[in-house]
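Undergrad: Chains as they are written, first to last, in our numbering: chain A, 2 to 242; chain B, 2 to 242; chain C, 2 to 242; chain D, 2 to 242; chain E, 2 to 242; chain F, 2 to 242.
By construction, these hints were calculated from the structure, which means they are not laboratory data. Hints are supplied without guarantee of correctness; some may be wrong.
It does not matter which identical chain is meant; a pair holds if it fits inside one copy or across any two.
Stated by the list, open to error - In silico DSS-like pairs for lysine-lysine, Cα to Cα no more than 25 Å straight-line: (1) 211 - 58; (2) 110 - 11; (3) 211 - 110; (4) 227 - 19; (5) 11 - 50; (6) 211 - 56; (7) 109 - 211; (8) 58 - 109.
Protein chains: 6
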Amino acid sequence: MTTTRVDGRKNDEVREIKLTRNYISHAKGSVFIEMGNTRIVCTATVEDKVPPFLKGKGCGWITAEYDMIPRSTPQRIIRPQVMGRINGRTHEIQRLIGRSLRAVVDLKKLGERTLWIDCDVIEADGGTRTASITGGFIAMYDCFQSMVNDKVIEEMPITDFLGAISVGIVDNQIMVDLCFQEDFRAQVDMNVVMNSRGELIEIQATAEEKPFGREEFNQMLDISAKAIQRIIDFQRKILGI
Amino acid sequence: MTTTRVDGRKNDEVREIKLTRNYISHAKGSVFIEMGNTRIVCTATVEDKVPPFLKGKGCGWITAEYDMIPRSTPQRIIRPQVMGRINGRTHEIQRLIGRSLRAVVDLKKLGERTLWIDCDVIEADGGTRTASITGGFIAMYDCFQSMVNDKVIEEMPITDFLGAISVGIVDNQIMVDLCFQEDFRAQVDMNVVMNSRGELIEIQATAEEKPFGREEFNQMLDISAKAIQRIIDFQRKILGI
Amino acid sequence: MTTTRVDGRKNDEVREIKLTRNYISHAKGSVFIEMGNTRIVCTATVEDKVPPFLKGKGCGWITAEYDMIPRSTPQRIIRPQVMGRINGRTHEIQRLIGRSLRAVVDLKKLGERTLWIDCDVIEADGGTRTASITGGFIAMYDCFQSMVNDKVIEEMPITDFLGAISVGIVDNQIMVDLCFQEDFRAQVDMNVVMNSRGELIEIQATAEEKPFGREEFNQMLDISAKAIQRIIDFQRKILGI
Amino acid sequence: MTTTRVDGRKNDEVREIKLTRNYISHAKGSVFIEMGNTRIVCTATVEDKVPPFLKGKGCGWITAEYDMIPRSTPQRIIRPQVMGRINGRTHEIQRLIGRSLRAVVDLKKLGERTLWIDCDVIEADGGTRTASITGGFIAMYDCFQSMVNDKVIEEMPITDFLGAISVGIVDNQIMVDLCFQEDFRAQVDMNVVMNSRGELIEIQATAEEKPFGREEFNQMLDISAKAIQRIIDFQRKILGI
Amino acid sequence: MTTTRVDGRKNDEVREIKLTRNYISHAKGSVFIEMGNTRIVCTATVEDKVPPFLKGKGCGWITAEYDMIPRSTPQRIIRPQVMGRINGRTHEIQRLIGRSLRAVVDLKKLGERTLWIDCDVIEADGGTRTASITGGFIAMYDCFQSMVNDKVIEEMPITDFLGAISVGIVDNQIMVDLCFQEDFRAQVDMNVVMNSRGELIEIQATAEEKPFGREEFNQMLDISAKAIQRIIDFQRKILGI
Amino acid sequence: MTTTRVDGRKNDEVREIKLTRNYISHAKGSVFIEMGNTRIVCTATVEDKVPPFLKGKGCGWITAEYDMIPRSTPQRIIRPQVMGRINGRTHEIQRLIGRSLRAVVDLKKLGERTLWIDCDVIEADGGTRTASITGGFIAMYDCFQSMVNDKVIEEMPITDFLGAISVGIVDNQIMVDLCFQEDFRAQVDMNVVMNSRGELIEIQATAEEKPFGREEFNQMLDISAKAIQRIIDFQRKILGI
């Protein structure tokens, strides 16, 4: 069956990824990730303390913050500081990014430190939360590598690669890495996070328009797994490991 | 293999559900749902307007708010109005409840109205978000039924039943309807929302401690599906339909 | 002179009180108090520190928080965390509850600890602030008793019973324990808090519609005193002391 | 029995009151009231709309706001805009001022307008809430008189004078118009608002240290009534009516 | 060339300044400054700590807060605590006041202390930010003098006088100390802060309506310098030094 | 006299400017401006309404918002939405940007529309507010050009070019376009905004460490004027006009 995606891609085709490391000169880990028109600055910052619930446990923490500059979207977004609150979508996304990154880090090796991953979307064309995870992973890697080099920590605390992708059902067809126009009219919208062994770290699947069966769901997982492996291959190439 | 769950349940056993309808005299839909020690007041309120993005489209909206009273948990929670903000977990949960309820309602039949589902947790012992969905569905049903009776709307806009359950891997065993003590040390934590045909509406799966494979994931889905069917059977009995 | 109150009560008749102790399993003091349709969860929590102005003085503190769930009232209330602020009525009420409870406690016997009394209104049908005081007293008693049993404190710091009632002038008649429909059109609205000896702890009287003379005021105090003694008798029975 | 009050006053003696009308040139009603060292700017402003709950009812509203400049007190106060919230005491006071003023105004004669009474404390030495009521009454009078002169309203909507005073039990003695040092160690603290006929408009009595009996309470009311009549005499002289 | 300013002043004429010291009894430095109808309470408060960035550096800090009471202006201002935020103009002004005062103080002589200068505008008729600087300087002087007298600090940390004035181009004429009506239609609006030697401490010049040349700018500086010297002469006389 | 600036520049040398137009695909005006390591995204957005004070006057408005991503600076900045408020520096800067842009636009030609200029700093190395003005001008130009092309407005409302530069005294030497390390220890810090005719639009000069005389000030203005003309030459080349 022939499909015509908005940008001519095949259903299982991921948009071209570009990744600029050391994007900001004074951050130890900072990345500019581009997936199609989706473009995000991801930075990593280490703070020498942990949240209250972890004090004295000899264990670190990773937390993420996500925001969009006002014209990253077709309609200008009102800044959260002007609205007076962080909206629910932002909260949902930054919790997802934080949980995903923590899943591939041995927090004990980090010591009593907090790693802040900041993801600031410059332009949004679908898949900003998954691109934040993919790019945030590299920023985290570079930051940890610099800490190892500076002998702040003894060994790299990362335990595996981490890739993420969106997948959905659009016009009754399953496709990965939805751009904004596809995402907008998706019947089912799903985000998948996996490690290099294809194991699952996060699944968030939502029936936007109609419920989905187990079979469709398994097909979505299959196509995601392939896409994530390609993303992790890209990460390997970038990091040269 | 023998397991000993904290409260002696079998791994696929859902805690006893109690549901008191018309719990608050002046709400058209109000339910007190108890799943073990988890106890939640769910109310439904209709407002004769829709959010700005829906104005003039002849279509309604459903939104949910979730909160916990301070001593619903072992440690007293500081109220969000004292903290000065709604926390991320709350945002994540109320978005999940709202999306799930919208998935089984024909919003056009609701007209330009907003249905508010308020879920206030009196005591929390695991599974508050899924119990909020299960209980919120009944509050919504009663509210819509009252609107049909009052000829405010022509026909019931609900298209299917809606049940939700938590499932997790605890001590390497898959079990449903985790209580707080199980949830606390779960390796994998998942929430599943389905309709009466066993179709999927929401999946949120998180590797808290270690990634999980497709096989484990499928087993978790299987056990959830059975649990949700039991919950929907309970809803049928309650509603007598 | 014959009066017909909304619910057939006599002018000096208090609505039936029901009180469920240990309403929430993990709180050391927790009560569900019902006065007619007014229903409130009152919980007590001890924190091992005091506000800054009391530090190092060997003396404890009692503070109260009050809130209503959105559908506790005929019109859904917008949550304070959504409004972005606690409203004036809430502030006024929680200050009244805190002051009243402190008046019957020897704060030195509490040591440098803060007792939090949380009053969450599930359904409001008049008299929520006075029912919060009456119920909050029992929650406080149970919490202190548990602290005595656990040898956290040496002796019970409570010095007297504490009862509270609303009273008003409705249709030119003085009546106690106003329900919502009476409260709504009261000419004078008053809340009285007393101890078991009939001594006054708080009086808040407001001319809603017309000023009142000393004679009417004294009659209101008389009828309140009787009602409060009945409430304190109920507390005695409940506590078996 | 001889008493020695901090400033040599007799127990029933009100501090000297000074009142400067037209204190701010562009406000139609503005007063600088001084009672001893307590000094407050009270202004009146008319707005041509009413709160939502009064729309279309042909009736006006009066609302009060109260604040203290940071060094009005011995310890510098952090501004509410810096704290991020209005505190409970402020809320309690501004509600009291608003209710008291509304009690002597025929709101129908005001039309669908809101009168804002702003009370900003320059120096606080006890009795700021009662001085705000006494001074706010004159600011309101002047504003309404100007509206009558400008034929914005047909007749003066004020129905009576309005005076307020604090009273308390200090060192077992009943005394009126407590200054800060007296207020600080009062066993009982009470604020009374009355009209020119000696009728009661508001009573707020609090046992700060020990409960009080009916007899003491009646004595406090008696001494308040005399003090308020002197305040209302002062208002008559000021207004020349 | 003849000009007719709103209040008959000459273009280089400063309004009459009145200054009441010790305006608030419990503040060690407090001033009521009047420049025409512009009237401001300025108070100084010492706090025994410094902001985090100065901790352990043996150096003090000076910070200013500025606010206006609601009816200080022709249109009633909504209080910042009601708006939920401090507006940009207020922030801009309080930063200017703080920087200016710091410029004439040897912060090392202050020790690790913070001086708070609070400027609360009672009536605004143009030039409130410059009058706040001029009056705040005297409040600061009195506070430091009292600290020297109490041997809290060894010597006066003030290094020079500090005067400030507004200047503008109105109807193509350069004039100082603009009142509200002049300020409102000024083409260019400038605030200048200088010490007693005529050296510059702050210049903020804004082309409200049309850009200005170097020549006009120099004339504005000249006229400001003269006005500020007159203000500093006034300060000398007030302080008797 | 030989100086050695941190990056080897001459005292009157502006860092290399790079400017990428159409940086964000869906904004009608969007620019990425780089001045040395200072890098800022400036976007322009038109909204079809004006602030309340301009309604019905047939006149438009220009407003600017400025923010920094957390790792744009050596120390990670806490986001304003997490702090719960916009800080004073941000307010001061965005007011400066807005005023400067309005000074070169005929707001009547814009009609009743608001132009939002968003300046989001990706990396900060001194001079972010002046680079925001220089870059914001191009974003505004492109947005207005697109409106002219789309016949939304009849003619270009821009009346002149607009350039801005920082200048300061560092180690007793006057230099332009300070980088962070220079700015940090500047004795005097000044920002100047001019049009193509060398006329002044904004001057903000601050004595950080010691007051400055008229002579130094004039030298700073001279060096700024030259630098701004070079910036405006750059703008001319970029725009080809």
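Undergrad: For every hint, state whether the structure bears it out.
TA: Structure-based check of all given hints:
no. : hint      : in the structure
1   : 211 - 58  : between (46 Å within a copy, 20 Å between copies)
2   : 110 - 11  : neither (42 Å within a copy, 37 Å between copies)
3   : 211 - 110 : between (44 Å within a copy, 16 Å between copies)
4   : 227 - 19  : within (19 Å within a copy, 40 Å between copies)
5   : 11 - 50   : neither (46 Å within a copy, 42 Å between copies)
6   : 211 - 56  : between (45 Å within a copy, 23 Å between copies)
7   : 109 - 211 : between (43 Å within a copy, 15 Å between copies)
8   : 58 - 109  : within (9 Å within a copy, 35 Å between copies)
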